[in-house]
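Protein sequences appear in the order of chains A and B.
Per our numbering, the first sequence starts with residue 1, numbered consecutively.
Per our numbering, the second sequence starts with residue 403, numbered consecutively.
Worth flagging that the hints you see were computed from the coordinates, not collected in a lab.
There's no promise every hint is true.
PhoX-like, lysine-lysine: derived pairs with alpha carbons at most 20 Å apart [stated by the list, open to error]:
| # | chain 1 | residue 1 | chain 2 | residue 2 |
| --- | --- | --- | --- | --- |
| 1 | A | 216 | A | 190 |
| 2 | B | 592 | A | 59 |
| 3 | B | 461 | A | 46 |
| 4 | B | 563 | B | 592 |
| 5 | B | 758 | B | 793 |
| 6 | A | 95 | A | 85 |
| 7 | B | 448 | A | 62 |
| 8 | A | 217 | A | 190 |
| 9 | B | 793 | B | 722 |
| 10 | A | 46 | B | 464 |
| 11 | B | 592 | B | 619 |
| 12 | B | 592 | B | 618 |
| 13 | A | 391 | A | 303 |
| 14 | A | 313 | A | 303 |
| 15 | B | 538 | A | 136 |
Pairwise CB distance ranges (calculated) [unchecked claim]:
| # | chain 1 | residue 1 | chain 2 | residue 2 | range |
| --- | --- | --- | --- | --- | --- |
| 16 | A | 387 | B | 484 | 32 to 38 Å |
| 17 | A | 95 | B | 749 | 26 to 32 Å |
| 18 | A | 54 | B | 784 | 50 to 56 Å |
| 19 | B | 797 | A | 10 | 35 to 41 Å |
| 20 | A | 95 | B | 711 | 38 to 44 Å |
| 21 | B | 692 | A | 395 | 53 to 59 Å |
| 22 | A | 310 | B | 698 | 43 to 49 Å |
| 23 | B | 696 | A | 88 | 31 to 37 Å |
| 24 | A | 166 | B | 741 | 53 to 59 Å |
| 25 | A | 13 | B | 698 | 36 to 42 Å |
| 26 | B | 461 | A | 395 | 18 to 24 Å |
Think of the CB as a built atom: it goes at the ideal place given N, C-alpha and C, for glycine as much as any other residue.
There are 2 protein chains.
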Amino acid sequence: MPRLSSRPGNIRASPIRRIAALLDAARRKSDIISFGGGAPSIPPPKEVIDYIVTLLREKTQKTVGYGSTRGLPELRSRIAEDLEKWWGVDYDPEKEIMITTGGTEGIYLALTTVLDFNEEVIILDPTYLGYSEAIKLSGGRVRTIPVSVEEGYQPDVEDLKEVVSPLTKAFILLSPDNPTGRIIDEGFVKGLVDLAVDYDFWIIYDAVYKHITFDKKNPWIDSYPGAKERTITINSFSKEASMPGFRLGYITGPPEAIEAMERIKQYVSLAPDTVGQYALIKFYDDGIKDRYLREVVIPTYRKRRDLMYELVKEYLPEAKTVLPEGAFYFFIDMRYYLEAMGRSDEEFSNRLLYRKSVVVIPGSYFGNRGVGHIRMTFVSEPEERIREGMKRIGAYVSSYIL
Amino acid sequence: MPRLSSRPGNIRASPIRRIAALLDAARRKSDIISFGGGAPSIPPPKEVIDYIVTLLREKTQKTVGYGSTRGLPELRSRIAEDLEKWWGVDYDPEKEIMITTGGTEGIYLALTTVLDFNEEVIILDPTYLGYSEAIKLSGGRVRTIPVSVEEGYQPDVEDLKEVVSPLTKAFILLSPDNPTGRIIDEGFVKGLVDLAVDYDFWIIYDAVYKHITFDKKNPWIDSYPGAKERTITINSFSKEASMPGFRLGYITGPPEAIEAMERIKQYVSLAPDTVGQYALIKFYDDGIKDRYLREVVIPTYRKRRDLMYELVKEYLPEAKTVLPEGAFYFFIDMRYYLEAMGRSDEEFSNRLLYRKSVVVIPGSYFGNRGVGHIRMTFVSEPEERIREGMKRIGAYVSSYIL
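Full structure from sequences and hints, please.
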């Protein structure tokens, strides 16, 4: 075999995807409770499925035919109306919105379009593990600023000031956050936008969980003065519409940036899935989206969140965490237990799966400051199984500690 | 707005995608006949649509849920069986096959995974216009070897020998070919494989039209001794299953290359469309695929091809072309007419659309040696409209020439 590029050797395979693959295999054998990958366990709205079933039957060829690279105009105009309604920001659906192959492609296109070789991107530590690899794939360098459970996982503008320099090309902000569930403070957003203007860097605002919030609304960076001309937002229908299988999301940004990202997308994926786009057109119609979020998604996840919080307190009283304000993850400082057990977070997670058939994600996967933590999602399992899983974790820890 | 990367500025927007967008707008106004983009005009098999309609209704969440990055195992094993049946080559569905977001992502992942900065990729001139841009996006340099209508658009191993060097990292071969419809001669394949072994470069075999052949079978490079360990094949369901809207294809390659491409895919698109993968599982079952190709796809396209060939001879007797052996394009040397008219191929195409509402693609889009040519597809229009379109082209040319 001829030599491969140095590119794949420089990035790591996603450990969460690996765990997902292991899980698929293991599920056939035993009753595994997954607090692992963020895969929604509630179905999308029935009206949406009924709609595409009818379209597939009655207009087959159009429904499975090619669409344009930017995505169906009827979908983009609905997105613009929706963003205006929710956050009061105007987007031109022709020029400032593009449909992407999930949030993943949105991040990839944004970084590829913005970064030249060796330019720096600042991310939080810990944060979503895909950022560092996508930055490296795009030729950029990763810089980090710390967050910790003591500060409710809120980043500090002073830390950002220390890392920002003329080499800074972009800052990636994820809110609500994965792995911590934190919604970003408005004070930080203001400080970030000021710095981005001063140093002329991009803000990549990953808002894939924007609608999964329990107590307060997620800020929208483009609504801050000076932000819109330097912000690319990343959105996904995998979470808010519970349809990850269609691989659809969208990005917003300045017209020149969207045009540049479209040009790259032509050679990366050509166009987004057509069937899924029709499903999403229906999702925005007749108030289906807001009703689904209000009556199904948020109440379901809120109950699970509150239950998991109670159970973490009960079974892991010495662990430190915060009640997630959004998204669907707990990020838990387990150092008290791990030190007593003499285990790393990864060893703990592996053994927990082996001994108790419960999946959690090692915190070290999310950055150096995630060492000694675990991430648990409440999105995949119903309440009785969250109870059962937490009981197993408690039993496992007790067997070592007591 | 902060500066963008130099990357998008180095690649050109696909002119065919631009024409497709113009066409969408223009269609609402007048009766446009499209010999432009290669979008199938026959629906996929009804059994396949019925199957996913049932799945969407009865197993909604699984059907629209996340799949693994490599694609559903049940689909990959069917692909392996099918390739064994058609070309007698063994692939391990676990290690040597990955589902991609159409052929486009397959090409992008192959190039990104194989190329380091400034390494060379040899392509034909003319050829599919996406290659040069994807090569540049991956940091590589484009080299070309010529093909011409006089040689039936077959490349010459002697030309390849002149361009091959230690800088050569890959050769891209497309067969059946776009824009020319040529099926590659076995003699060239043998010479190519020998050179690839000698100079240790990759063969990227773009076989997206492999099943669209009219008179003979398309060669399969991996069946030549020494080829499989250095070949990545690109496949698409957009053409052979008439389902471009699901954005699905697959690649085969050595296990290490597939593993490396999977690692990059995790950060480019995460995973392929799940709904479409279920559709394709059905496509391979019950003999549906082979029957659909034999009874619907090939007879439909063959009739259109034969008709268009007759009409080109009738209305453009001084043009030079060859009867396409596969795919669904005519590449036509129009220099006799264009010189008489004093028009470039692009001017001709633009005016033909404006005056006669017929879309053809300028040959210069496909490379320097495509200057003075046009590409016409017979995939999008039924026979009576092929007749009407060719009549319009004849009338347009005659008005200048006579």
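| query | In this structure, is the beta-carbon distance linking residue 95/A and residue 711/B contained in 38 to 44 Å? | reply | 43 Å, holds
| field | Given pair status - residue 618/B, residue 592/B, alpha carbons within 20 Å | value | 18 Å, holds
| For the pair supplied as a hint, residue 563/B and residue 592/B, is the alpha-carbon distance within the 20 Å limit? | Within the cut-off at roughly 13 Å; holds.
| Between residue 592/B and residue 59/A, is the straight-line Cα distance small enough, at 20 Å or below? | Status violated; Cα separation ~45 Å.
| task | Determine whether the Cβ-Cβ distance between residue 166/A and residue 741/B falls within the hinted range of 53 to 59 Å. | result | At 55 Å between Cβs, range holds.
| request: Starting from the hint 36 to 42 Å, judge whether the C-beta atoms of residue 13/A and residue 698/B obey it. | output: About 41 Å separates the Cβ atoms of residue 13/A and residue 698/B, which means 36 to 42 Å holds.
| Within a Cα-Cα threshold of 20 Å, do residue 538/B and residue 136/A meet the stated pairing? | 18 Å, holds
| query | Between residue 797/B and residue 10/A, does the C-beta distance stay in 35 to 41 Å? | reply | 58 Å, violated
| said: Would the hint linking residue 217/A and residue 190/A be met if the CA-CA limit is 20 Å? | reply: Answer holds: residue 217/A to residue 190/A is near 16 Å, not above 20 Å.
| query | CA of residue 313/A to CA of residue 303/A, is that 20 Å or under? | reply | 16 Å, holds
| Within a Cα-Cα threshold of 20 Å, do residue 216/A and residue 190/A meet the stated pairing? | 18 Å, holds
| request: Below or equal to 20 Å on CA atoms is what counts here, so check residue 758/B against residue 793/B. | output: Satisfied, since the Cα-Cα distance of roughly 10 Å is no more than 20 Å.
Of the hints listed earlier, those the structure fails to meet are numbers 2, 16, 18, 19, 22, 23, 26, in rising order.
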